[in-house]
Amino acid sequence: MSLFKLFSRGLDLTLRKHPLAFRLWAVNFLFALLIAAPAAFLLIGHAGHSLSAGSVLNKLDVHWLTDLSSRFLDAAPAVVGLLIAAACLYLLLAVFLNGAIIGSLNRPGARTTLAGFFHDGGLYFWRFFRLLLFSIPVYLLALAIFFPLLRILLQLLQRRATTEWPVLVAGNIRILFLLLLLGLVSMFFDYVKIGLATSGRQSVLKEAWLTLKFLRGRFFRAWGLYLLAGLAFILLTLFYLEVARLLPKGRPWLVLVFFLWQQLYILGRQASRVLFFATELEFTKQFRNPVE
Amino acid sequence: MKKALALSLLLLPLLALCAQEAMDPLQYEIWVTLDPARKMLHGRETIRWTNTTRDTVPDICFHLYWNAFKNEKSALMTEARLDGAQGTDHGDADVKDGDWGWIDVEKIRLKDGSDLKPAMEFIARDEPRHADDQTVMRVKLPRALAPGETLDLELAFTAKIPKTIRRSGYYHNGYFIGQWFPKPGVYQEGKGWNCHQYHLNSEFFADFAGFRVHITVPREYVVGASGKETGRLENSRNRTITHTFEQQRIHDFAWTADPDYIRIERDFIADREVSAGEYRQIAGTLRLPLPEVKLPDVKMILLINPEHRGQVERHFKALRAAIKYYGLWYGPYPYETVTMVDPPFRSGSGGMEYPTLFTAGTRVLPSPQENSPEMVIIHEFGHGYWYGLAASNEFEEAWLDEGINTYSTGKVLAKAYGPGSFPLVLAGIPLARYSGSFKYSDLELDRLAGVHAVTLDPVLTASWKFSSPMSYAMNVYMRAATNLRTLENLIGKEAMLRVMRAFHSQFRFRHPTTRDFIATACEVSGRDLGWFFAEMFQGSLHWDYAVERASSQRIAAARGVFDRGGKKVEITGKQARALDHGDKKPRYLTRVRVRRLGEARPGPDVRLKVRTLFADGSQKIENWDGQWRWIEFTYTGMSKVTQAQVDPDTVFLIDRDLSNNSYVVKSRAAGGLRWSGKLLFWLQNLLQFASALS
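Going down the list, the protein sequences come from chains A and B. Just so you know, the first sequence maps onto residues 0 to 291 in numbering that gives the first Met the number 0. Just so you know, the second sequence maps onto residues 0 to 693 in numbering that gives the first Met the number 0.
You may find that some hints are simply not true.
Below, a list of computed lysine-lysine pairs in the BS3-like style, where the Cα atoms sit at most 27 Å apart [said to hold, decoys possible]:
#, chain 1, residue 1, chain 2, residue 2
1, A, LYS248, B, LYS677
2, A, LYS58, B, LYS438
3, B, LYS438, A, LYS248
4, A, LYS58, B, LYS665
5, B, LYS414, A, LYS58
6, B, LYS665, A, LYS248
7, B, LYS190, B, LYS464
8, A, LYS58, B, LYS677
Derived Cβ-Cβ restraints for the label pairs, each shown as a range [to be verified]:
#, chain 1, residue 1, chain 2, residue 2, range
9, A, ILE233, B, ILE263, 38 to 44 Å
10, A, LEU204, B, ALA668, 52 to 58 Å
11, A, PHE238, B, LEU678, 21 to 27 Å
No lab work stands behind these hints, which were simulated from the structure alone. The beta-carbon is built from N, C-alpha and C at its ideal position, and this holds for glycine as well.
From just these sequences and the hints, can you work out the full model?
Right under this line is the structure:
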């Protein structure tokens, strides 16, 4: 089966299980709202009685940013700490959600119930959490070995550069390589998660080993499919940016429309997350022997 | 008064010119050869220095700036190491083995042949002391120089060109050669030689001079230099060319050589650039006769790297705007040429000024919406005025060139280009399609940095004594510029323009000080501005005024016992409420409280405007001296207050928090909600990225 066919099946599965994306959006929205709420109260309090930023149509101006920074700069370390803590908590939540997504996608039938969603999240949480712990050193290893190797190679090119171009090109290659490297590791662990869910296996290490064996002969096809899903995400982002650029912003109600458009984009991002898993699941079903 | 002012504005440049023509104390002739293979300069120099003071001078002090790059014990390297400035854009202390630079004076003798080398010594007078610094050389003269006497010296020097370090150096085949020759300090009557060491946070100070410089380079090299090229001699024997450059009345000389430069010449034709209306308008504002503001034509020379070829027009457009507006506002550009250099790749010399030559700097993919490289072109050309012509001491009072020039750059940019946009750049590639909505002006950016610099140091701090390079930059550039904007708001745009013109005219070809600027500002504006400079330039206290509250209360009928017609009448609570209820035209008591949150205060002749708006559209304006911690204004009337504002015209741009200058009674959540919505969206995206690791 061709990659495009697999991708199309994954897309079809994502659309059929569309409530998943809505649920993910809701979780993301509520979690972000919880973190943003104190800042929102602070902003409203700061701007509410002032002419500086009280109007909904005021554009972001540097004077207001200066005022904000004058008042709240000392709180910056606390805000950064809060953001890191929130990101860590969200990571845990994402581990739960991954179980819910994969479990729901793997369930036969078009319907995905909320009970089933939470059941699957809980069912796979501990396994996926252990996998997360296992994945962290792998990510670090990838970054510590491959990335510096490339950096050394590119530095040779950069050091000998007599114009800015090689530096710019090398910088871009480095970023591209970093993204591909992280994508590669991420894809591998996606397949491990799918393997854990489809096989019902408890051992994370064994599943990782089996996934490695599974992907060994099919790496480029799996990688191609992953990149196709990634391309869908990039296209989605470009579409969002194009529409955002064109949306008029001169009226208060248009500000609301813009906010809704942003939320639609976040919904799209959630759908693209489901799409990654859906295509990988289709790939697994197509090529992996259930007893592997 | 006005007539006297106009007359003084008219006469000042002439007087300054007459006075200075006779006073330029230096003449140089330099022969220098570039040895690209060994990265060396070999030079000979004749110096004629005239003692124009009433002092008898026993010695002469020279700057040997490149010795700052000789080893890690120089003042500059020590300061760079202590400040952790390694790896910054100028390279600073991050020198690789073999990349050091230095300068050796091999010979120094009088015209009569007397050898002065035994009388040479390195001195380090600045505190804290860096005893091993070799950037200042003192030579004791065999006989003290009487007033009016002339000293003729012959020097021979060898210099190792450093690799890519603060404003000078080489990378590959590109050379930028600045601060490269033994240069006397400035002799100040009654004070001696002003000759500071080369510090991390400082630039330069030198005397006006005439230069004749012969630069010999391999013939494939394209050369640019201060002044005008007056000769070119091909030496077929060793395949080199000797370029001769000459310029009178400049105080430094820099040059650059690179075989890859593309050299393009254009003319600034004043009559094409400036309309008759613009001349009339500026002459009217400055109260000068029309011929005084007329601009001359200027030869513009651009040396640009091939990869930036597509940006030639951007460079010339910015330079034309700079020549035009600096010329109209501060006085005509007095030299025939200006050379704009797109510096060689990695030569560490971008964004720097020298008389009649400056370096810009751009990227291969500049953003079309961002005012870059325009900003740097305008700024560095502007230094031709503020440092080049009004040659202040950059070691001791850096704000006089950097602050005034940052202020001027912002004004030229606003006039010629309007607000810029923050570029959206992904891995060095500008995403022009999706950026451009977040506009900014230089004024706003200057304030952003300026208000955060206030408590770090006073603006008036010697360059090397700032608490950090960051404090130096934020204070002398941005805070000083914001202060000048505030001064402009305080005395008015036109008066400020006259101040700047008078200051520049009076001190063109001289060495002005802060005291001179204050005196000019006071004289031209007709106001005592001493408090302003004491508070804003010598002080380090925040300026912050706020409307603490604004509220209206209905004036209720009073309860209690009242004397009416010789009787005691009691108005009970019930009766008072009934009276209030029946009152169809209620009256309100409005209280507006304004508070001084900062420690800085205005001067005795300054009043802060406080404007209160009422629901019926009426307004009350009060003027407060701003001295006490707070003041409350009360009004009674038929209408409720809607908003109050202190300093509603934003005169005091240096105010730490402008958002608390206003108080709107009815809280409006919409604006805050909108920004909260944006924050929410960015948070959602951030969380989504974090979840990718799961």
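Now for the hints, and whether the structure bears them out:
Taking the CA atoms of LYS248 of chain A and LYS677 of chain B, the gap is near 14 Å; set against the 27 Å cutoff, the hint holds. For the hint linking LYS58 of chain A to LYS438 of chain B, the alpha-carbon distance of about 9 Å falls within 27 Å, and the restraint holds. Of the supplied pair hints, the one linking LYS438 of chain B and LYS248 of chain A holds, its CA atoms being roughly 15 Å apart against a limit of 27 Å. The straight-line distance between the Cα atoms of LYS58 of chain A and LYS665 of chain B is roughly 21 Å, inside the 27 Å bound, and the hint therefore holds.
Annotation: proposed proximity of LYS414 of chain B to LYS58 of chain A holds, straight-line Cα distance about 22 Å (limit 27 Å). With a CA separation close to 25 Å, the supplied pair LYS665 of chain B and LYS248 of chain A stays within the 27 Å bound. Straight-line distance between C-alpha atoms of LYS190 of chain B and LYS464 of chain B comes to about 21 Å, which keeps the hinted pair within the 27 Å bound. With a CA separation close to 12 Å, the supplied pair LYS58 of chain A and LYS677 of chain B stays within the 27 Å bound.
For ILE233 of chain A and ILE263 of chain B, the Cβ-Cβ distance of about 41 Å falls inside the hinted range of 38 to 44 Å, so the restraint holds. Checked against the given bound of 52 to 58 Å, the beta carbons of LEU204 of chain A and ALA668 of chain B, roughly 53 Å apart, stay inside it. At roughly 23 Å, the beta carbons of PHE238 of chain A and LEU678 of chain B sit within the given window of 21 to 27 Å.
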